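Note that the protein sequences, when read in sequence, are chains A and B.
If you're matching positions, the first sequence starts at 14 in our numbering and goes up one per residue.
If you're matching positions, the second sequence starts at 4 in our numbering and goes up one per residue.
The hints are simulated quantities; they were obtained by calculation from the structure and are not laboratory data.
These figures come from a predicted structure and were not determined experimentally.
We put the beta carbon where it would ideally sit given N, CA and C, even for glycine.
The reader is advised that the hints may include incorrect statements.
Across the chosen pairs, the derived CB separations fall in these ranges [said to hold, decoys possible]:
| # | chain 1 | residue 1 | chain 2 | residue 2 | range |
| --- | --- | --- | --- | --- | --- |
| 1 | B | Val196 | A | Gly196 | 26 to 36 angstroms |
| 2 | B | Ala211 | A | Arg218 | 20 to 30 angstroms |
| 3 | B | Thr127 | A | Arg218 | 15 to 25 angstroms |
| 4 | A | Leu145 | B | Ile184 | 31 to 41 angstroms |
| 5 | B | Val196 | A | Ala50 | 52 to 62 angstroms |
| 6 | B | Ile184 | A | Pro149 | 32 to 42 angstroms |
| 7 | A | Ile174 | B | Val215 | 45 to 55 angstroms |
| 8 | A | Ile174 | B | Asn154 | 40 to 50 angstroms |
| 9 | A | Ile161 | B | Leu227 | 27 to 37 angstroms |
| 10 | B | Ala211 | A | Ala170 | 18 to 28 angstroms |
| 11 | B | Phe94 | A | Ile161 | 40 to 50 angstroms |
Residue-level listing of the chains:
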Amino acid sequence: MKSVQLTAHSRPLWLCLIVGLGSAPAYGDCVDPVEKAKLIAQKRGRRDDERDFVKTARHELTAQGGYYVSDLLDGTFVVGAAYTYHLTEDAGIEASFGFSQVRSSVAARLERDRGVTVLPKQDRVYLVFTDLIWSPIHGKMRMFADSIVHFDIYGAAGVGIIDNATSFGAAGQFGVGSKIFFGKSWALRLDVRDQLYKQQILSVRQYVQDFSLTLGVSIFLPTRL
Amino acid sequence: MLCSRRVIPYRRSVVLGAYIAVAACVATSLPVYADEPCLDPDAELGAAGRRKGVQKRDFMKRLRLEVSAWGGFFASDLLSSSYDYGGAIAFYPGEDFGFEASLLVTPFDLAVERPLTQFFAGQTFKPSLAFMVVGDVLWSPIHLKLRVSENSIAHGDLFFALGAGDTISQTVQGLTFDVGIGLKLYAGRFFAVRFDLRDYLMIQEAVAIQRVTNNLVGLIGVSLFIPGPRS
């Protein structure tokens, strides 16, 4: 029987054996807490251009409608449109137009009972405003199990004109709203606005506050950045 | 002649060596699981450092009582718009559902009649205070987070309200219904700021005009949650 001695050609086998048996479990390094904190801070304070939905330098076109509650007259509908240019993520300028038809069931009754004309027959109202939009609050909400939706909460303030037979014209407007973003260029917006202006009925002039609640759909142009 | 070196039969040694070599190669190729005792699976960073999104709730409402004080505007459909104030008490059996009893006080007035009173004697409509007592079911399906500054994130809930009650006023008949939407932002473990937008439906009468009215109500308030959060 041929015998094998521990010679040169058996050394590779033994070397492999020693290396294999000598390979101890590797212990991976812990995550560096300094690097981890830096990464978290980077993600928390993301720059504007890192947001999921970017508004800066985009044009927003809105179609909206809702409920218009006049101070002196009956509540009615309002429809309109708006154009907003977003200077930054937080600031924008909006031009809006609204149309409504106001009436007063109380005034109609008074006219019938007293035999006088309280309100003119012309009952259409045009609302034209220019507002500054400030969106300091950005948030996200979980609507379903895996769906996270981003939104903004903003305030609006501006001046304009309420064109109506009983209005003196100039009006101020302020309000709050929320925009919920879908995809890269669509949004659903909810606005509550308060319009202050002077109104005259017969010989009595008084400042009134009309409220409007509108729901609208917006598209942001360009649609892709 | 015997040698001082160890002697192994040739064929057996070759086979044994081959087995050992294969075993060694297999052993070295097995996946090694790095031991990372310092990684917290509940940490903010998820797998591969990705954001986990909205996860746990920092503010718990379950089995707690909420006491609120609020005020705002009352945009009346038939009468004149005015201010309002009041309060509410709510109890939450679960995180998403609650029951609320609310009180809203607002002055009822008819300013459109005022120009006529200068020419005709008497005043038909008598201004008065109205008290709206309503019971609501609250549903909070949406939890949200807001970034108000670089290092400040607030938690909140978007909720819906639906209920019915009564308006204590000579101008209102029958039941009063309300439906609305609101936002609660939590500050600390016991306080919250709430914003409510509601529509109060009621049958209202003024100057012999009687009809169903939609009155828009906007409220801002503060809430206190007692007792402390339940585990």
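Distance restraint evaluation - B/Phe94, A/Ile161, Cβ atoms, bounds 40 to 50 angstroms: 30 angstroms, violated
Is the gap between the beta carbons of B/Ala211 and A/Arg218 within 20 to 30 angstroms? 27 angstroms, holds
For the pair B/Val196 and A/Gly196, does the Cβ-Cβ distance stay inside 26 to 36 angstroms? 31 angstroms, holds
Please test the hint of 45 to 55 angstroms on the beta carbon pair from A/Ile174 and B/Val215. Once the Cβ atoms are compared, 32 angstroms apart, the range 45 to 55 angstroms for B/Val215 and A/Ile174 is violated.
Do B/Val196 and A/Ala50 keep their Cβ atoms within the hinted range of 52 to 62 angstroms? 30 angstroms, violated
C-beta pair A/Ile174, B/Asn154: status relative to the range 40 to 50 angstroms that was hinted: 43 angstroms Cβ-Cβ, so the 40 to 50 angstroms window holds.
Given the range 32 to 42 angstroms, decide if the beta-carbon distance of B/Ile184 to A/Pro149 lies inside it. 21 angstroms, violated
Could one say that the CB atoms of A/Ile161 and B/Leu227 fall in the range 27 to 37 angstroms? For B/Leu227 against A/Ile161, whose Cβ atoms are near 30 angstroms apart, the range 27 to 37 angstroms holds.
For the hint 31 to 41 angstroms, verify it against the beta carbon of A/Leu145 and that of B/Ile184. 25 angstroms, violated
If you check the beta carbons of B/Thr127 and A/Arg218, does the distance land in 15 to 25 angstroms? Holds: the Cβ-Cβ distance is about 22 angstroms, inside 15 to 25 angstroms.
Could you say whether the range 18 to 28 angstroms given as a hint is met by the Cβ separation of B/Ala211 and A/Ala170? Since B/Ala211 and A/Ala170 have Cβ atoms about 40 angstroms apart, the given range 18 to 28 angstroms is violated.
Going down the numbered hints, you'll see the structure goes against 4, 5, 6, 7, 10 and 11, while the others check out.
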